[in-house]
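Heads up: the protein sequence lines correspond to chains P and G, in order. Sequential numbering from 2 applies to the first sequence in the numbering used here. Sequential numbering from 2 applies to the second sequence in the numbering used here.
Think of the hints as simulated: they come from the structure by calculation, not from any bench. Here the structure is a predicted model, which means the values were calculated and not measured. Please note: incorrect hints may appear among the correct ones.
Just so you know, same-sequence chains aren't split out, so a pair can sit in one copy or run between any two.
Stated by the list, open to error - Using 27 Å as the maximum straight-line C-alpha spacing, the simulated DSSO-like pairs for lysine-lysine come out as follows:
| no. | residue 1 | residue 2 |
| --- | --- | --- |
| 1 | K37 | K353 |
| 2 | K51 | K37 |
| 3 | K100 | K111 |
| 4 | K346 | K13 |
| 5 | K111 | K283 |
| 6 | K192 | K266 |
| 7 | K50 | K111 |
| 8 | K192 | K279 |
| 9 | K346 | K266 |
| 10 | K334 | K100 |
| 11 | K156 | K334 |
| 12 | K111 | K37 |
| 13 | K51 | K279 |
| 14 | K156 | K111 |
| 15 | K156 | K50 |
Number of protein chains: 2
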Amino acid sequence: MVNVLEIGERAKAAEPFLRIMSTNQKNLALEQIAAKLVQNENSILLENKKDMEIANRNHMNPGLLDRLLLNHERIEGMAEGLRQLAQLEDPIGEVISMKRRPNELLIGQKRVPLGVVGIIYESRPNVTADAFGLCFKTGNAVILKGGSDALYSNKAIVDCIRTALMEIGVCGDAIQLIEDTSRDTTTAFMKLNDYVDVLIPRGGAGLINAVVNNSTIPVIETGTGNCHIYVDESADFEMAIRIIFNAKTGRIGVCNACESLVIHKNIIRDFLPLLGEKLSEKNVELRGDELAVLSLPSVIPAVESDYSTEYLDYILSVKTVSSIDEAIAHINKYSTQHSESIISKDYENTQKFLNEIDSAAVYVNASTRFTDGFEFGFGAEIGISTQKLHARGPMGLHALTTTKYIIYGNGQIR
Amino acid sequence: MVNVLEIGERAKAAEPFLRIMSTNQKNLALEQIAAKLVQNENSILLENKKDMEIANRNHMNPGLLDRLLLNHERIEGMAEGLRQLAQLEDPIGEVISMKRRPNELLIGQKRVPLGVVGIIYESRPNVTADAFGLCFKTGNAVILKGGSDALYSNKAIVDCIRTALMEIGVCGDAIQLIEDTSRDTTTAFMKLNDYVDVLIPRGGAGLINAVVNNSTIPVIETGTGNCHIYVDESADFEMAIRIIFNAKTGRIGVCNACESLVIHKNIIRDFLPLLGEKLSEKNVELRGDELAVLSLPSVIPAVESDYSTEYLDYILSVKTVSSIDEAIAHINKYSTQHSESIISKDYENTQKFLNEIDSAAVYVNASTRFTDGFEFGFGAEIGISTQKLHARGPMGLHALTTTKYIIYGNGQIR
Chain P
2 MVNVLEIGER
12 AKAAEPFLRI
22 MSTNQKNLAL
32 EQIAAKLVQN
42 ENSILLENKK
52 DMEIANRNHM
62 NPGLLDRLLL
72 NHERIEGMAE
82 GLRQLAQLED
92 PIGEVISMKR
102 RPNELLIGQK
112 RVPLGVVGII
122 YESRPNVTAD
132 AFGLCFKTGN
142 AVILKGGSDA
152 LYSNKAIVDC
162 IRTALMEIGV
172 CGDAIQLIED
182 TSRDTTTAFM
192 KLNDYVDVLI
202 PRGGAGLINA
212 VVNNSTIPVI
222 ETGTGNCHIY
232 VDESADFEMA
242 IRIIFNAKTG
252 RIGVCNACES
262 LVIHKNIIRD
272 FLPLLGEKLS
282 EKNVELRGDE
292 LAVLSLPSVI
302 PAVESDYSTE
312 YLDYILSVKT
322 VSSIDEAIAH
332 INKYSTQHSE
342 SIISKDYENT
352 QKFLNEIDSA
362 AVYVNASTRF
372 TDGFEFGFGA
382 EIGISTQKLH
392 ARGPMGLHAL
402 TTTKYIIYGN
412 GQIR
Chain G
2 MVNVLEIGER
12 AKAAEPFLRI
22 MSTNQKNLAL
32 EQIAAKLVQN
42 ENSILLENKK
52 DMEIANRNHM
62 NPGLLDRLLL
72 NHERIEGMAE
82 GLRQLAQLED
92 PIGEVISMKR
102 RPNELLIGQK
112 RVPLGVVGII
122 YESRPNVTAD
132 AFGLCFKTGN
142 AVILKGGSDA
152 LYSNKAIVDC
162 IRTALMEIGV
172 CGDAIQLIED
182 TSRDTTTAFM
192 KLNDYVDVLI
202 PRGGAGLINA
212 VVNNSTIPVI
222 ETGTGNCHIY
232 VDESADFEMA
242 IRIIFNAKTG
252 RIGVCNACES
262 LVIHKNIIRD
272 FLPLLGEKLS
282 EKNVELRGDE
292 LAVLSLPSVI
302 PAVESDYSTE
312 YLDYILSVKT
322 VSSIDEAIAH
332 INKYSTQHSE
342 SIISKDYENT
352 QKFLNEIDSA
362 AVYVNASTRF
372 TDGFEFGFGA
382 EIGISTQKLH
392 ARGPMGLHAL
402 TTTKYIIYGN
412 GQIR
């Protein structure tokens with residue numbers, strides 16, 4: 002077992018240097034690291050080849066193999082991600098508010114780095130550069146714990162970044178990789194409360210639950226999305242079909258894809274056959290309740306668990322409701338509080354939906370697929386939070402910061 | 002063991018009703034509950050007497066006995082706290098930002114309740130009404146788990162609040178008390194992730210650590226304060242002495258009291274005797290390093306642990322440094338990141354201190370005692386956060402809220 006305590010101490014020791022780096026220094030470093038990654042392409046690809054060979058030998062499935070693979074375009078993509086971060090506004094140092102109290106104390110709230118960020122992720126080597134870039138731009142030290150299948154690739158990328166940092170006189174411990182992927186080491190990492198300010202798991206539900214259940218460090222849960230679209234009685238059918246087709250079939254493996262449809266009973270007989278026809282273009286399987294089956298015979302009878310399943314596949318559940326209230330209650334019960342949309346022309350129902358749906362992103366007449374840091378205009382994304390503390394919804398650079406109060410006095414006592 | 006799952010379910014079931022209560026309804030309810038508490042004074046005092054009798058029989062120490070005691074003034078105080086909450090601005094529903102994206106999606110961020118808040122606290126019955134009021138004003142259901150020594154008092158207060166709520170047609174499960182104070186029940190409570198959105202421990206370091214280490218629910222750590230004052234070479238001696246006297250002796254048992262002094266070596270010989278004289282008025286014991294002892298013979302030699310101790314007593318540690326950098330490094334190492342102050346006339350040093358001290362509240366030329374929700378102008382306080390996620394420093398009503406994105410579209414797909 003690696004001494005994770007020592008890794009924690011080194012990250013903590015890097016904190017004061019990162020905290021006071023100017024935006025210019027940070028941007029220059031990001032540019033230089035991008036150049037270094039491109040320059041070291043061959044050696045990184047050689048290491049990635051080792052991971053791929055082992056993965057092939059272990060019969061890793063094609064989807065995971067594809068995530069693990071690096072090539073010229075993907076290394077260029079990592080470098081471009083870092084260059085784009087250099088172009089983004091630096092949130093650090095902004096004074097959000099500054100007010101004078103009756104006793105003349107001037108109390109301000111200033112945006113500062115969190116300190117040390119821990120990231121636990123699966124075997125996607127591009128996350129290594131991405132996560133580092135986001136943390137570095139916000140003045141945080143990062144400790145990475147990637148999947149064991151990507152160890153050679155991750156080591157190569159981290160070495161390259163550390164070398165670039167040290168060449169320009171920045172503390173290399175701004176990024177550290179936990180190379181020991183044993184369970185004991187991972188557990189010890191999740192208890193490093195004295196050194197790590199926040200832990201962000203990036204990956205599937207299993208990984209996220211393991212972190213939530215075992216970490217004593219505050220966690221930002223980036224989540225699964227059982228996203229709903231509710232087709233109100235007053236919906237424009239053409240719009241509803243266009244949006245559902247996009248949200249279900251645009252990209253099936255993502256957390257903002259639509260997994261469940263809720264339809265008002267008064268329109269289901271007219272609407273569902275039209276929708277079914279469009280979705281059949283992509284062979285989408287529908288699983289619904291009795292009225293759904295009656296409305297469209299190709300619908301397969303749903304079981305209770307269908308309503309709580311994030312399929313990540315060409316499958317869509319269908320639930321009939323007799324009112325907007327029933328729709329809201331159903332969604333709040335089964336959703337993972339990620340993204341939900343109502344398709345409606347009715348003012349009162351849209352307002353009610355916006356007010357009463359308890360999810361990170363609530364839409365009117367738009368696809369759930371927009372829940373994404375880039376689409377929201379953040380320029381970058383560390384994940385999508387489905388918890389309510391600290392950050393909710395797509396998380397950009399701001400989610401990697403905290404604030405502190407700065408108070409200017411002239412001798413005040415209480 | 003009580004079925005905490007059922008308590009969680011009831012709180013969750015109350016959530017939708019609380020979420021849509023208007024500000025007027027909430028304020029009216031707070032006023033009515035205040036009236037009910039005053040009206041039920043006698044029965045609450047009778048129950049409190051039972052707690053006091055048991056506590057006396059168990060030889061509870063005088064400080065704790067005083068916290069446990071209720072009387073006319075304290076019940077009036079609880080009622081007045083609720084009335085003041087009714088006067089405060091309701092943060093719920095505020096749309097913090099609303100921007101139009103290039104594709105015409107209008108994306109806004111709206112302040113909403115957290116949902117269900119859990120509070121674990123010690124035997125201070127007034128916290129029962131306080132914590133309820135703050136949660137209710139922000140549209141949250143609250144589950145309270147108070148100290149076993151205050152059980153009769155807490156039950157009487159909660160019954161009174163529930164009765165008042167139900168009389169005006171509000172769901173009584175807006176407040177629930179876990180009456181079983183066994184360890185098993187407490188542990189089960191801290192794992193209710195499906196029902197409780199945040200857990201806030203209020204009490205001493207032992208309670209807080211137990212919650213941080215055992216809860217799988219996100220926790221807001223309200224913390225201990227090992228607060229420092231740094232007397233810079235350029236400090237105005239008179240101001241420094243006035244501020245230190247206030248911060249150390251104004252109220253010794255509070256988290257924003259000063260526990261440690263850091264002094265520049267060039268002034269310690271002149272400064273410390275003057276400070277010692279003033280502090281002797283309150284018999285403050287000084288524990289310092291070699292130079293401190295040389296400067297003032299009554300100073301007791303400090304040991305390493307003195308610098309990390311929150312005394313909550315008439316004791317102050319003294320550390321000599323030879324530069325502002327050394328002062329900052331010392332403070333960042335030993336402080337609990339609560340509140341620190343620099344006394345200085347030097348522009349560069351004050352800016353450096355404000356920038357580089359990593360604490361929730363960083364002061365120039367003022368007493369650390371101001372770190373408090375009321376002093377900061379929040380009108381109420383649920384605690385002072387010493388963690389970096391979600392809320393840092395004094396937490397008012399905003400800390401009990403989250404946001405959600407509301408998105409107005411007109412048919413957009415991605």
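Here is how each hint holds up against the structure:
Taking CA atoms no more than 27 Å apart as the test, K37 paired with K353 passes in neither setting, with 52 Å inside one copy and 33 Å between copies. Taking identical chains as interchangeable, the C-alpha atoms of K51 and K37 lie at most 27 Å apart only when both belong to the same chain, with a minimum of 21 Å there against 72 Å between chains. Proximity of K100 to K111 under the C-alpha cut-off of 27 Å is found in both arrangements, the shortest distances being 12 Å within a copy and 23 Å between copies. In this assembly of identical chains, K346 and K13 lie within 27 Å of each other by CA distance neither inside one copy nor across copies; the values are 54 Å within and 31 Å between.
Neither within a single protomer nor between protomers do K111 and K283 lie at most 27 Å apart by alpha-carbon distance, with minima of 50 Å and 36 Å respectively. In this assembly of identical chains, the alpha carbons of K192 and K266 never lie at most 27 Å apart, being 51 Å within a copy and 39 Å across copies at closest. Neither within a single protomer nor between protomers do K50 and K111 lie at most 27 Å apart by alpha-carbon distance, with minima of 45 Å and 47 Å respectively. Taking the shortest alpha-carbon separations for K192 and K279, neither the intra-copy value of 50 Å nor the inter-copy value of 44 Å comes in at or below 27 Å.
Taking the shortest Cα distances, K346 and K266 sit within 27 Å of each other inside one copy (16 Å), while across copies they are farther apart (73 Å). Neither within a single protomer nor between protomers do K334 and K100 lie at most 27 Å apart by alpha-carbon distance, with minima of 42 Å and 30 Å respectively. Taking the closest pair of Cα atoms, K156 and K334 never come within 27 Å of each other, the shortest separation being 43 Å inside a single copy and 31 Å across copies. For the identical chains of this complex, K111 and K37 are neighbours neither inside a copy (33 Å) nor across copies (42 Å), given an alpha-carbon limit of 27 Å.
In this homomeric assembly, K51 and K279 never come within 27 Å of each other (Cα to Cα): the closest approach is 44 Å inside a single copy and 71 Å across copies. In this assembly of identical chains, K156 and K111 lie within 27 Å of each other by CA distance neither inside one copy nor across copies; the values are 35 Å within and 42 Å between. With identical chains, the CA atoms of K156 and K50 are at most 27 Å apart within one copy only, with a shortest distance of 13 Å there and 66 Å across copies.
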